[in-house]
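Protein sequence lines correspond, in order, to chains X and S.
Quick note: the first sequence uses this note's numbering, first residue 1, plus one each step.
Quick note: the second sequence uses this note's numbering, first residue 1, plus one each step.
Just so you know, the hints here were simulated from the structure itself, not pulled from any lab data.
The model shown is predicted, which means the values in this text are computed figures rather than measured ones.
It cannot be assumed that every hint is accurate.
Using C-beta positions, here's what the derived DEER-type ranges look like [as the list claims (entries may be wrong)]:
#1 X:Thr265 <-> S:Ala13: 47 to 57 Å
#2 X:Gln435 <-> S:Arg252: 50 to 60 Å
#3 X:Ala222 <-> S:Pro227: 49 to 59 Å
Just so you know, even glycine gets a beta-carbon here, dropped at the ideal spot from N, CA and C.
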Amino acid sequence: MGLADARAMRPGIDVVEADPQADRRLLEALADWCDRYTPLVALDGGDGLFLDISGCCHLFGGEQALLEDMLRRFRDQGFDARAAIASSAGTAWAVARFHGSATVPGGTEAEWLAPLPPAALRLEPAVCTGLDSVGLRTVGAVQGAPRAPLARRFGKALILRLDQALGRIEEALSPRLAVPELSAERRLAEPIMTLEDVERVILLLAQSLQTSLERRDAGALALQLLLFRVDGAVTRLPLGLSSPTRAPERIARLFHERLDALGQTLDAGYGFDLVRLAVLTAGPLPARQEDLGEQAADTGEALSEFVDRVGARFGRAVMRRPVAVASHVPERAVAFLPFAPDGPVEATPASIPERPLRLLGRPEPVDVMAEVPDGPPLNFRWRRARYRIVNAEGPERIEPEWWRESLPVVAREENEEERTYEDRRKAAAARRLAQASRDYFTVEDAEGRRYWLYRQGLYGLSGQAPRWFLHGLFA
Amino acid sequence: MATPAVARDTVFALRREIAKIEGRLAERLASPGDGAVVLRGSGRVLGAADRLATGVAALDATLGGGLPRAALTEVHSRQSRDAGAAAGFVLALASLLAKQAAPKQPGAKQPLLWIGTGGMFAETGFPYLHGIERLFGIAAGSLLFAEAPKPVDALWIAEEAAALKSLAAVILELPGDLRPLDLDATRRLHRRAVQAERPVFLLRHSSDPEPTAAPLRFVVAPAPAGPRRILGRPLAGSIGPPAFAVTLDKNRLAPPMRLVLEWNCDERIFEHRSSCREDGMQDPVALVPLSRHGTDMAAAARPLMAYGLLRFPAAGRQP
Chain X
1 MGLADARAMR PGIDVVEADP QADRRLLEAL ADWCDRYTPL VALDGGDGLF
51 LDISGCCHLF GGEQALLEDM LRRFRDQGFD ARAAIASSAG TAWAVARFHG
101 SATVPGGTEA EWLAPLPPAA LRLEPAVCTG LDSVGLRTVG AVQGAPRAPL
151 ARRFGKALIL RLDQALGRIE EALSPRLAVP ELSAERRLAE PIMTLEDVER
201 VILLLAQSLQ TSLERRDAGA LALQLLLFRV DGAVTRLPLG LSSPTRAPER
251 IARLFHERLD ALGQTLDAGY GFDLVRLAVL TAGPLPARQE DLGEQAADTG
301 EALSEFVDRV GARFGRAVMR RPVAVASHVP ERAVAFLPFA PDGPVEATPA
351 SIPERPLRLL GRPEPVDVMA EVPDGPPLNF RWRRARYRIV NAEGPERIEP
401 EWWRESLPVV AREENEEERT YEDRRKAAAA RRLAQASRDY FTVEDAEGRR
451 YWLYRQGLYG LSGQAPRWFL HGLFA
Chain S
1 MATPAVARDT VFALRREIAK IEGRLAERLA SPGDGAVVLR GSGRVLGAAD
51 RLATGVAALD ATLGGGLPRA ALTEVHSRQS RDAGAAAGFV LALASLLAKQ
101 AAPKQPGAKQ PLLWIGTGGM FAETGFPYLH GIERLFGIAA GSLLFAEAPK
151 PVDALWIAEE AAALKSLAAV ILELPGDLRP LDLDATRRLH RRAVQAERPV
201 FLLRHSSDPE PTAAPLRFVV APAPAGPRRI LGRPLAGSIG PPAFAVTLDK
251 NRLAPPMRLV LEWNCDERIF EHRSSCREDG MQDPVALVPL SRHGTDMAAA
301 ARPLMAYGLL RFPAAGRQP
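With the hints as extra help, turn the sequences into a complete structure.
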């Protein structure tokens, strides 16, 4: 029905544009919320969710209780949901959509499916119409028909779906999120609202995780805290660590920093009724004999804990350690890695040419006056101030890394000989290199400040006038 | 009227107590002639091991033996374009610190933490590993950087880091006009540094002298570098090792002083500019052997005219 028709029938109708993106986000938020029942939640199209509740039912008092609890909570949030529990995903899908909320006892799938239309088998519409035209109007009829002619006429997908629904073939669900290695959770009868209460629960959860981690000789490297709000919103707080740990106090302290940094942005609303702490990544942490003496105080541990606390508060990118990289281009010669207490220490090349103490993140263009075009500058203007150069050293030519850059594309002309084409290609490549090559000068101004300037491009070769940049400051 | 000995002892004890409370760096108590009784915040006697000798006699004498190892030290630059020089001076001190590291933990190589803000690093440039390593011998493995989003966050990180014993030193680099960095904040930093027995360097650019709890404040400006030396002789038109015009602006022990220090990046020591060797005046002996089979370089003119120069120098003919 068109909008005009609808308006004609009901003038006061409300028109809302369809927003598939928002629908998708809502479904994902619901999937997040369903994390409270099982970690294996998969999206099903635009309007459904698959939950793999194998081994989770007893936590909620059985399958029926779980179903009722879930439906009640969905209803409280304002959703009209239908859910079915069955031993195969296909049957659950069919029953939920074509029958209503129910629990299918194991072994009775065929009976439950029999009265449903073939569309309940998740088939293409064309196949459904085809089945309808030959008089197969229920799944039971399809089941009764001989398989080989069915497969020949309607494709193998029909047989596959039928077998999946009946549980003859395993169907793999792809969960939305990686399943954590370990997790501990606490359901709260009374929702908690204050950060202090949340932190207390975190400490309890970390204590219960400690035993499991100890049994595995492992420590947590990446943690995630999930806060389930009463009204269905789920907050995820990831936390990375620099070294494996399982000490509850340390984990609680790190989450304290994390929550402290969040401050007002964490909206507790009407409170959290479920708190879960999951270990996403674990690293080996063998048990160690503690020393009774005083020198047992391991200083490296204090440092990595400090780094973790800074990381929890401001993000892990804040603390970085530099590593030398095999590159002669100054800005590529240093890379930064996150801190690791016993990370590999790369050996720096033995001979480092003279380099400035501070390097500007992005070279800043300067206006330069030079006596000779190729020579060192006489004075330059940087950040609206003029500097007179007293002393200069250089140039040091630094060519670009041609093996990283792509060669310029040269179009081939008609009737062009192979050799002239090659020559033209080489000339274009040489011009590209000349445009990017830099001549560095160390200059000292009248007050004794030392700068690292470079001229990009070569006179005559590159086709355009070279430009000058300031790249660093010396001590 | 002679003060009874008991009363004098009481006065000393009280003074000691006050010094402890105030966390003052040093206070000369007894006769200055011995110069030995120097008290620090923790109530211990400050010995030579607690001071970082700069290697420059004039500066060390003014500082009472060297820079305190466990304290907050301010290093200012008047303009942010002097950031290179100020950072170089702090790194030179850190390099000295690494060289004179306490022999207690020989194997433990502790990292140097450099805290700054994103804006600061964007303005003055990020510390460059290869330059630091070449000039000051601080390797990649013993450097850590913290780039805080805001100055307040940098201060938070610094306060946490100052209490750690597992860092060699902490450098906190902040812009000049910063309200949160007041007397209280610097006192917290200083107390933590004293307790952890590690130095904290407060590097501030384009700032005016403000009241802080740091016992020492240097104002560092660049000084023109001397020429590079090739085989002991200066090379004209070259830029040699860095030099710093250092003003000791705040010091409890002595009036302010100013001196020019040159960093010798081979020996990794400071040299006082006035005591640097005069150009070309030392080592009259040639450092290179005479060339084989070639003509000798023309010698400087001597009072006597040279006759019979058909003889080649002996060195040239030796097998």
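Going through the hints against the structure:
no.	hint	in the structure
1	X:Thr265 <-> S:Ala13: 47 to 57 Å	holds (53 Å)
2	X:Gln435 <-> S:Arg252: 50 to 60 Å	holds (58 Å)
3	X:Ala222 <-> S:Pro227: 49 to 59 Å	holds (55 Å)
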